[in-house]
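Participant: So the sequence lines, in the order shown, correspond to chains E and U. Okay, so the first sequence: first residue is 1 according to the numbering used here, each after it adds one. Okay, so the second sequence: first residue is 1 according to the numbering used here, each after it adds one.
In short, the hints are calculated from the structure, not lab data. Among these hints, one or two may not hold up.
Pairs of lysine-lysine residues, derived as DSBU-like cross-links and limited to a Cα-Cα distance of at most 30 angstroms, are as follows [as the list claims (entries may be wrong)]:
1. E:K70 with U:K146
2. E:K70 with U:K136
3. E:K70 with E:K86
4. U:K146 with E:K122
5. E:K221 with E:K159
6. E:K120 with U:K53
7. E:K209 with E:K70
8. U:K276 with E:K120
9. E:K159 with U:K53
10. U:K199 with U:K146
Nothing here was measured: the structure is a model prediction, and the numbers come from that model.
Given next are the chains, with one letter for each unit.
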Amino acid sequence: MAEGSVPSLDEIVKVNTPLLERRKRRLGKRVAPFGLVAPGAFWLAFFFLIPIGYMFVVSLNSGFVTTGFKFTWEWSNYTTGLTTYKTQYLRSLEYASIVTFLALVITYPVAYWIAFYGGKRKSTYLFLILLPFFVSFIIRTIEWTFILADNGIVLGPLKSLGLLPSNFHILATPYAVIGGITYNFLPFTALPLYVALERIDASLIEAGKDLYANKVTTFLKVVWPLSLPGVFAAFLLTFIPAMGDFINAELLGSPGTHMIGNIIMAQFGNTYYPLMSALSFVLMAALLVLATVYARVLGTEDVTAGAAAG
Amino acid sequence: MSKGAAREHRGTTRWTRHILPTYYTLVIMYLCSPIAVMILFGFNDVPGRVNAKWYGFTLKWYRDLFAVRGLTQALITSLELAVLATLIATVIGSFMGLALGRYTFWGVGIMGFIIFLAISSPEIVDGVAQLVWFVKLSSIHIGPLKPFALGFPTILWAHIMFSVSFVAITVRARVAGLDSSLEEAAQDLFATPVQTFMKVTLPTIMPGVMAGALLAFALSIDDFVITNLVSGQTSTFPLWVYASAKAGIPPQVNVMGSLLFFAGVSAAVVSATLPKIAQVRGEKRLDRERRERAAAAA
């Protein structure tokens with residue numbers, strides 16, 4: 001401190017804080033985050049990461065629940081799983097792709113409108129999209145079976161008016177299953193899209209207009225590229241969970257629309273845990289690959305921000 | 001304004017004033033149609049189990065809400081689980097979100113990635129993994145307690161697991177938007193870390209904590225896939241409803257669903273508006289104080 005100059009606030013505090021106190025605080029600052037994170041990290045490790053690892057071990061076991069399982073490097077669980085249930089894997093892939101595409105196409109204009117024209121009511125508009133979350137997933141899907149029933153509130157009147165043939169049905173078809181999954185994942189698709197679109201600076205669009213770009217060009221050259229991280233986040237939050245869905249296929253579909261999730265649940269029913277684990281680990285591996293690529297390229301912020309907005 | 005610009009302007013307003021809002025309304029109607037059917041069918045005078053037909057208006061399912069014993073028991077179990085899971089997950093998750101949002105430390109990136117994985121992994125995979133893990137640990141006992149025997153405790157551990165990540169990211173989002181100068185000021189005024197946390201940090205992150213808690217409660221009470229895999233003999237509300245779906249659900253399911261829906265929406269609306277009301281009040285008080293000070297100075 002120079003002679004005669006007025007000491008700054010920092011310096012006064014420094015001089016007047018006992019040395020020990022200051023050292024303790026500095027140490028506290030370094031240790032605090034670990035202390036805060038520890039319980040959550042433990043929970044995620046013990047009930048998420050280790051179980052996933054252990055599931056991989058079980059997927060290489062052989063034996064039955066009655067005789068006990070043994071670790072025998074049973075890779076055949078994977079080969080039989082993938083060959084026997086190839087149809088269901090491919091069907092899951094097909095349905096999940098269609099669902100993701102539909103959900104993106106349906107929700108993009110909605111997210112766009114709320115982000116740019118929602119004004120003061122933005123959060124209300126967003127809240128309405130989240131309303132389905134306040135009703136159990138199972139109940140919502142059961143209500144769809146009533147809505148789509150062969151002689152229900154929609155098809156019944158149409159049939160009695162003669163607009164549809166009397167043997168027309170939607171339930172038990174792939175349309176019902178794909179429609180059901182799309183319905184269930186719409187909010188998960190909408191949120192990350194909204195987060196990405198909302199972040200776009202409106203002045204960039206103004207700039208586009210000032211440079212005589214028409215609306216389509218402005219959208220294609222400014223809005224769309226800037227919203228791509230949100231599109232990928234939405235893809236990740238929709239595609240992977242949709243791959244693993246079995247409720248819609250079970251309640252709205254028929255055995256002909258069963259997905260890999262239904263097969264996993266069947267193995268659960270049979271208590272054939274090794275095959276069940278192998279079938280599940282294939283899904284997890286697909287997620288790991290996609291998620292790693294995604295996190296490397298774009299970071300994890302958009303997915304978690306989208307989920308946080310919910 | 002040139003003619004072309006005028007035409008373009010009219011085109012823009014047509015899109016933003018009419019087409020997009022109408023489309024938004026249609027999507028909301030689509031999203032809410034099963035909810036509407038659920039509420040409506042709670043008043044359906046159906047003989048026996050619910051089917052797709054409308055028989056006339058009645059209030060008897062509200063009167064006999066708890067007449068189906070298994071369903072009532074399942075709902076009670078679900079509420080107990082949701083309360084416990086919310087409490088624990090909110091505490092653990094808020095600390096985690098606070099650390100992730102405020103500090104940079106070794107492992108921040110890894111933690112972020114693990115949370116990201118936990119959120120985006122398909123529920124069926126989490127459930128299968130936990131099932132085999134709990135079966136492996138099922139013989140562990142502490143006195144007469146078996147914390148990993150399939151049933152209530154394993155459902156609770158699982159619910160805490162998936163809620164923690166959501167609470168953490170919700171709180172982190174809140175923390176990231178705040179500056180830490182208030183806490184530094186408190187520490188400069190010789191507040192202990194505990195005092196600083198209780199008097200400064202907690203009140204500022206409270207909206208995030210509340211939102212996280214609501215999310216945890218909603219996730220827990222709705223969860224089917226993971227719960228189904230790790231539940232053993234225990235039944236919860238969604239499990240009971242699913243099991244009865246093939247034979248037809250009793251009308252009380254619709255009533256309980258409606259009541260939970262309204263309770264959840266009310267809680268969300270209240271927790272979203274409370275901080276705003278507090279903010280308005282705070283601003284008014286500041287204004288008043290400023291005016292008083294100005295008056296005193298004059």
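Participant: Taking the hints in turn, state whether each one holds.
Facilitator: These are the hints, each one checked on the structure:
no., hint, verdict
1, E:K70 with U:K146, "holds, 24 angstroms"
2, E:K70 with U:K136, "holds, 12 angstroms"
3, E:K70 with E:K86, "holds, 26 angstroms"
4, U:K146 with E:K122, "violated, 48 angstroms"
5, E:K221 with E:K159, "violated, 47 angstroms"
6, E:K120 with U:K53, "violated, 41 angstroms"
7, E:K209 with E:K70, "violated, 68 angstroms"
8, U:K276 with E:K120, "holds, 13 angstroms"
9, E:K159 with U:K53, "holds, 14 angstroms"
10, U:K199 with U:K146, "violated, 39 angstroms"
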